[in-house]
Amino acid sequence: MAGVKDYSIFDIIGPNMIGPSSSHTAGACKLGRVAYKLAKGSIKSVVFQLHGSFAKTYRGHGTDKALLGGILGFEADDERIINSFDIAQEQGLKFKFVEVDLGEVHPNTVRIQVIGEAGNLEVLGSSIGGGSIKVTEINGVSLEFTGELPTLIISHNDAPGVIARVSAVLSQRDINIAFMRVYRYNKGKDAYMVIETDNLIPPEIIGHIKEIDNISNAYLVDTI
Amino acid sequence: MNFLNGYELLALCRENNMSIADIMLKKEITASGLTEEAIVDKMKVSLEIMQKSVDRGLNEDIKSVSGLIGGDAKRIMDRNATHKSVCGPLMSQAISRSIAVLEVNAAMGKIVAAPTAGSSGIIPGVLITVGEAFNLSDNDLIRAIFTASGVGMIISKNATVAGAEGGCQAETGSAAAMAAAAVVELMGGSPEASLHAAALCIKNILGLVCDPIAGLVESPCNSRNAIGAANALISAEMALAGVKSLIPFDEVVEAMYRVGKSLPLELRETALGGLAATPTGIRLRKEIMGE
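Line order of the protein sequences matches chains A and B.
So the first sequence is residues 1 to 224, counted in the working numbering.
So the second sequence is residues 1 to 291, counted in the working numbering.
In short, the hints are calculated from the structure, not lab data.
Any given hint could turn out to be false.
Claimed, not checked - The list that follows gives simulated cross-link-like pairs (lysine to aspartate or glutamate, DMTMM-like), each with its CA atoms no further than 20 Å apart:
1. LYS26/B - GLU75/A
2. LYS37/A - GLU137/A
3. LYS203/B - GLU254/B
4. LYS44/B - GLU137/A
5. LYS134/A - GLU75/A
6. LYS110/B - GLU75/A
7. LYS44/B - ASP11/A
8. LYS42/B - GLU79/A
9. LYS56/A - GLU287/B
10. LYS203/B - GLU237/B
11. LYS26/B - GLU79/A
12. LYS157/B - ASP11/A
13. LYS110/B - ASP77/A
Said to hold, decoys possible - Derived, one-sided and incomplete: chain B residues facing chain A with beta-carbon distance under 7 Å:
14. ILE29
15. GLY67
16. LEU90
17. MET91
18. MET108
19. ALA117
20. ILE142
21. GLY215
We treat Cβ as the ideally placed atom computed from N, Cα and C, and that holds for glycine.
Construct the complete structure from the given sequences, taking the supplied hints into account.
Below you can see the structure in the form of structure tokens.
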């Protein structure tokens, strides 16, 4: 049984979207939009590595147009998606779609490689049905978030007190943490936090978080 | 104000002397923290998208991304305008409007997934047509969509609305059941009658497979949205007359889920079976995919 989840009326009647497929089009657009949000600033070129069903059916489902639309910052119900190739070309944004085998991942998975003003970025994510997505890797680091809530992604050194200081910054602004996960790759060294909140996160918070000792970078992905 | 299945929903309606739409609205207010006005306004946006997608599909020259479908909604509308319709004008309008939305969806236009993109034509096709024929207001239609969402929620909680999981019976079957329940409530039927309509609807297409040509949400999805609309209207007509489903709605949903689970992978949106695997289906796929 599908069971546990409680639904809103708008989960059943919705999403409002550009067709033809919630998983191949709307979800694809959202994955592109995650990369757009993480790229911070203008994107010069993008390569989409398409896996599984994405690789097989992307033309017929407009997955390519939707992914690129996301990279242009469009939301999943933006009617400009159908013209995203032309719009990208007008903006001088280079794009390419490659069919690949990413191994044991969800059938609707894409790796998005972005070259932008702020450097290179790589996002791996899947469209998991009904327009919902799951991001599983950023710049080679495994993590997990859905973009349904405002999300902070913080890379830091594994040191005592870092988590407490970050949550203090949020609590001072009355921001409630809904979900929080911490990933450590080397004891005392590389670690990541993914924090999903119930409240909107003002962008200036990123600056405050970056001032905290042992934090090397912070990204904000507000709701996708 | 929550419910897991049809039995609990009907109990809530009875205890509170409320319609399904009332219960859904009340539940949404509690869960979201939004006001009634905000929720109604938000659904108004969805209704407007539904109306626009119907208009586009009937009035513009629509061609799907692959080129497989487009223009059928208009064909049906034009014939209805110039000939005496075999099914009667209301049914003809409902099916042309349902196909219209599906065509707009296949052409990368804007639609409301209701409950999915592949079944997005049924609820707008049915409700807008009934709304027009009975001179109903947008507010009536918004309330009808709340009713529809109650049925969709029960199916989502206890089974599935995804073709990949349960076949077309789960996808267009759910949309049709939702529309049928909504029409019954719009016409003054009881919550019990709404769920009988929903049950009849699913029973009518139990076992329907998902076999899209080339794996695209185009054909036979277009005509299955039409039969979904017809099924909703037929089931509502029966339930309003007092026809009951011998098997209760909850048990029908459970049966639909079990049937869906027992469908082979080939018949669950993989385009490996059914119409997709016919010689013509395979030829079309090769042409579209450039194989």
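Hint by hint, here is what the structure shows:
no.	hint	verdict
1	LYS26/B - GLU75/A	violated, 29 Å
2	LYS37/A - GLU137/A	holds, 15 Å
3	LYS203/B - GLU254/B	holds, 11 Å
4	LYS44/B - GLU137/A	violated, 38 Å
5	LYS134/A - GLU75/A	holds, 16 Å
6	LYS110/B - GLU75/A	holds, 12 Å
7	LYS44/B - ASP11/A	holds, 15 Å
8	LYS42/B - GLU79/A	holds, 19 Å
9	LYS56/A - GLU287/B	holds, 14 Å
10	LYS203/B - GLU237/B	holds, 15 Å
11	LYS26/B - GLU79/A	violated, 33 Å
12	LYS157/B - ASP11/A	holds, 12 Å
13	LYS110/B - ASP77/A	holds, 6 Å
14	ILE29	violated, 10 Å
15	GLY67	violated, 10 Å
16	LEU90	violated, 23 Å
17	MET91	violated, 23 Å
18	MET108	holds, 4 Å
19	ALA117	holds, 5 Å
20	ILE142	violated, 10 Å
21	GLY215	holds, 5 Å
The earlier numbered hints that this structure contradicts are 1, 4, 11, 14, 15, 16, 17, 20.
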